[in-house]
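Residues per chain, in single letters:
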Amino acid sequence: MIPGAFSYHRPATVADAVKLLADLGDDARPLAGGHSLVPMMKLRLATPAHLIDLHGVADLKGIKRDGNKVTIGAMTTQHELLASDEIGKSLPILHETALLIADPQVRYRGTIGGNVANGDPGNDMPALMLTLGASYQLQGPNGAREVVASDFYQGAYFTALEPGEILTSVTVPVPAAGHGYAYEKLKRKVGDYATAAAAVVLTMAGGKVTTCTIGLTNLHETPLLAADAAKAVIGTSLDAVSLKKAAQAAEAIMSPAADARGPVEYRKHVGCIMVTRALQRAAGRAK
Amino acid sequence: MNDLTPTREQRTAALEGMGCKRKRVEDIRFTQGRGNYVDDVKLPGMLHGDFVRSPHPHARVKKIDDSEALKVPGVLAVITAETLKTVNLAWMPTLAGDVQMVLADGKVLFQNQEVAFVVATDRYAADDGINKVIVEYEPLPVLVDPFKAMDADAPLLREDLAGKTSGAHGPRKHHNHIFEWTVGDKEMTDAAFKKAEVTIKEMISYHRTHPSPLETCQCVCSFDKIKGELTIYGTFQAPHVIRTVVSLIAKLPEQKIHVIAPDIGGGFGNKVGAYPGYICAAVASIVTGKPVKWVEDRIENLTATSFARDYHMTTEIAATKEGKVTGLRVHVLADHGAFDACADPSKWPAGFFNIVTGSYDFPVAHLAVDGIYTNKAPGGVAYRCSFRVTEAAYCIERAMDILAQKLNMDPAELRLKNFIKPEQFPYHSALGWEYDSGDYHTAMKKMMETTDYAALRKEQAEKRAAFKRGETREIMGLGVSFFTEIVGAGPSKNCDILGIAMFDSCEIRMHPTGAGIARVGSKSQGQGHETTWAQIIATEIGIPADNIMVEEGNTDTAPYGLGTYGSRSTPVAGAAIAMAARKIKAKAQMIAAYKLEVHEDDLEFDIDGFRVKGLPEKYMSMKDICWAAYNSVPPGMEPGLEAVSYYDPPNMTYPFGAYLCVMDIDVDTGVYKVRRFYALDDCGTRINPMIIEGQVHGGLTEAFAIAMGQEIRYDDAGNVVTGSFMDFFMPTAVETPHWETDFTVTPSPHHPIGAKGVGESPNVGGVPAFSNAVNDAFSFLGSTHIQMPHDFWRNWKAAKELGAVA
Amino acid sequence: MAKTHVTMKVNGAEVEGLVEPRTLLVHFIRENLQMTGTHIGCETTHCGACTVDIDGMSVKSCTMFAVQAEGSDITTIEGIANADGTLSALQEGFRMMHGLQCGFCTPGMIVRAHRLLQENPRPSEQEIRMGISGNICRCTGYQNIVRAIQYAAAKINGVEFKEAAE
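Residue numbers (numbering that gives the first Met the number 0), protein chains in the order written: chain A, 0 to 286; chain B, 0 to 805; chain C, 0 to 165.
Just so you know, the hints here were simulated from the structure itself, not pulled from any lab data.
The C-beta atom is built at its ideal place from N, Cα and C for all residues, glycine as well.
Among the hints, erroneous ones may be present.
What the hints assert, rightly or not - With a Cα cut of at most 20 Å, we get these calculated DMTMM-like pairs of lysine to aspartate or glutamate:
no.	chain 1	residue 1	chain 2	residue 2
1	B	K799	A	D258
2	A	K243	B	D665
3	A	K267	B	E800
4	A	K186	B	D663
5	A	K188	B	D726
6	B	K672	C	E126
7	A	K188	C	E124
8	B	K41	C	E124
9	A	K186	B	E81
10	C	K2	A	D52
11	A	K188	B	D667
12	B	K799	A	D52
13	A	K60	C	D54
14	B	K20	C	E162
15	A	K188	B	D665
16	B	K22	C	E162
17	B	K796	A	E250
18	A	K186	B	D726
19	B	K289	C	E30
20	A	K186	C	E19
21	B	K796	A	D52
22	C	K2	B	D121
23	A	K188	B	D663
24	A	K186	B	E734
25	A	K243	B	D667
26	C	K8	C	E19
27	B	K796	A	D258
28	B	K672	C	E124
29	A	K244	B	D667
30	B	K41	C	E30
Said to hold, decoys possible - Listed next, the stretches of chain A that the computed footprint assigns to chain C, with coverage defined by at least 3 CB atoms under 8 Å from CB atoms of chain C:
no.	region
31	47 to 59
32	223 to 236
Make the full structure from the sequences, and use the hints.
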């Protein structure tokens, strides 16, 4: 349970961090909250020769609302998200989701940047980012660029991050006032990854759905945006037939792994139920 | 007597003796982080050892190359089986009469088996070292399915036993067969089944799991070359046994071995036997002349130390159509993994599984157990089970529910109809046990009344109808469990560990100022002995519990004991404590008589001293008697006030209980909710109700985990797939249900204080309650038996197979 | 690997040591500082036995490197008792309510409960259970731990502790 040896770096600026990563190449890994990387290092499944600790980079912190967008620094912890009144006001679904991630201690250290950037299909925030239409600000040796969340995930642990790049912040458009939202996550116990989870953000008018996006967690090697499922409920009152259509459309794009949480069939089945329940709960909240 | 004279109630309360919720002595240090656990032990010059382990479940070890490892800074030595062979320790005897490799000797037999032991200056260097040892393996065909173990073409696992047609427990039928154990009357049982009006037959599996105490197994071994003495600090539930075993296998004189079990962070049976880590650390210390510490990590603990259960029980009950049982027939396939390292008393290869007749009056029964080898971790007995009693209770409680379903009878009614009656005690079971005492009907009725069982059944009927009408997707189950367990091993006539009888012991020494010290052969791993043993003594001799220091675990000073497991401490050590205290009391009476100038027979014991009968003012307190013992004893009597008792119990004890689990299951997701759990326990005399309640809470939580998902599972290739806390279900405070506890008191007639022990009851009775609840929920949809564990996905699968889910 | 010098405050006292970058904070506390109250129960960051309080946060010290704690203010179980040496409300609560048996999870549990009560001085039972969901106990079944924390909360808030009816 002891990690291999490494050299430790604690840059004070993004530029310094990026330079270190570029110079040290494959041998270096950025260290955010550490609650994905350090356990892997302790099992020697990851053996970076250099760790670039991002805790010293003040520019990676902070939650700012700017017009219709909220920008969240990559090193913002789940706990800080939960403590933020701004998030509670403008992006309440992030509060609901953060409470379903890991446990209290892990939430004190785990960061939104780590949760969205490492490509782990089990992480919850990526599907939220897809659902909210978020975009990621990246910084690397070739400068800064922005990638929308829906273009970021390419495979399990495989993202659009280029060598030497780090995610510096996440920008999330604020959903319309009165929007309905829900993150429905089935897990074996507190702290577990989702057996299946669905995020829904929607708006309603006159009892009918006017806009809707649906995201899926741990039902594929990447988070999924269930576009067809969302389309199936727009203009409906979320009657049983429409809900069933949405679930079926969502199921069509699921390909979860069989693991100790259950066989493929079960996880898909539960995935459909999560979509249905999230839609119903979101509708219940919509004003 | 005046207003200042304490009343009898006040004097009794001041003792904090038996029956009161004395707050724990241990808590003062534990709540301040001042426990002394094995990994807290630091000796000058101490080295660390760590294991290289096999990724293969079955393979030849062709070559072990330690050259790179020895170059790692801090690495001092790499020990292999070749090293151990020079001191005849490459293999060690197990408690079950088998032998076990300490380090891989030519081959490995289970994934994560110990292959080499790297010794280094600190644990970081040791970890670096193990990652640099290069081992060449030649994989062999793997055997994981116990039902295929005795196929003609099953791979040969134990080459060391090739050709041996008999083992420690009799003839072997096959190269993967370990033993066959039978008990009961086969002829009469077969006859009862032939003429039975109703029979049921079901293969009931109790899956492999693991005790997983929060502190893993560890030791510090320190060999003093000058004195030729070996000191071992270790996580030992039975420290004296470890000392004797080490003496025999290492050929060191026993008086030169000092075994100390300090504070232990949970045992649950995981820490009874000897593990390769202890042997390798001892050898490493002898070789290097320095202390060597071995601390296993969690994955090592779950995948290589003694597992629990893995019993596949084909169970048959014969009955009349009115529901009176007439016969029980059970065949067990016992999967012991690569070595039979079961920590059973030596004559009992299947533990006390023959308690499987349970709480019911079976006129005849027959049991046959076949133990087999597979490519899995060795062991078999552990986890709060009192030697296979958890398996037996699960078997019979599940089977009774299956019988109730076949007879269309309520499971509680079926049980009431077949309970052993109070007047039948002491009861001789058809499989050979003499149950000491019990009052099952009272306990069952109390459970049914307190939970309003009838109303719950009514609610269930209504819910079932609503489900069939499509109004709800939730099903409701009631899990009844009425267990009788057998604990307190045990009488020397049939209980021994490696030839040492299973008595236990206590030595009490009183000091002049009315205080004292008690040293006991048991070893608490959280059961609170420092608190409860003093309560027994306080009541017996009238000295406040706070004035009695209790010590366990140091084999130099504690009288020989067989340790703490199998809920044996209160039945055996507790009895020794009472007997030693009575010897003290008897001597105290003689001293008091002398000081009060009366005859002994004129004195009666009154709470905290002796009083002359008929002359209440003539009284001498135990405190004063202690002083007198050191200066004015009667002529001819030795000064001092101490006593030792070694207690050989005349029988086991038989705690029992009535549990009910109310469970609701969402068929679409398989998610269950334990709505209510009621546990009534009868452990005879109750020493400390607070501690009993704590034991029940803890045991029920372990039972909940086991029944609802906690599994050590292997895939078809022999890989452990649940080897860490990611997938090995350890419930948090959120998943764990609320527990309601209750009790009746039926003292043990043969125990000095009537106490029976309780630590394992909740695990014994709990698992059947949960599993019966799930099965009871689904039964109206057409199922007879759904195997544990009852994970969400398995509940969904059951629902799907029954057509309840699309 | 060259060692790094670290300094931090632990239980109010300035401490320092020489560590490798990979030295886990829990090992720094247990081995360098010889404070063995903080325990290790797993290597996958699940069990919480290693929980300490760093700069006002509950942290699993097995998942952090000592070098990362440079300049931090840490409280371990050894720093929980009152300044005069008497047991704190939580420690007293754990004893009075039988919230421990083997004691191995207890330091992490108490240090976590300490922070929980700072976050939420009057937690409901459900909030307590969620609040300690990062700490595994094998002995108690959590029920008495919940009562212990309720006892402590009542004492700290100066209200009477009412035991819920069974």
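key: Indices of hints not satisfied (ascending)   = Of the numbered hints, 8, 9, 12, 20, 21, 32 do not hold.
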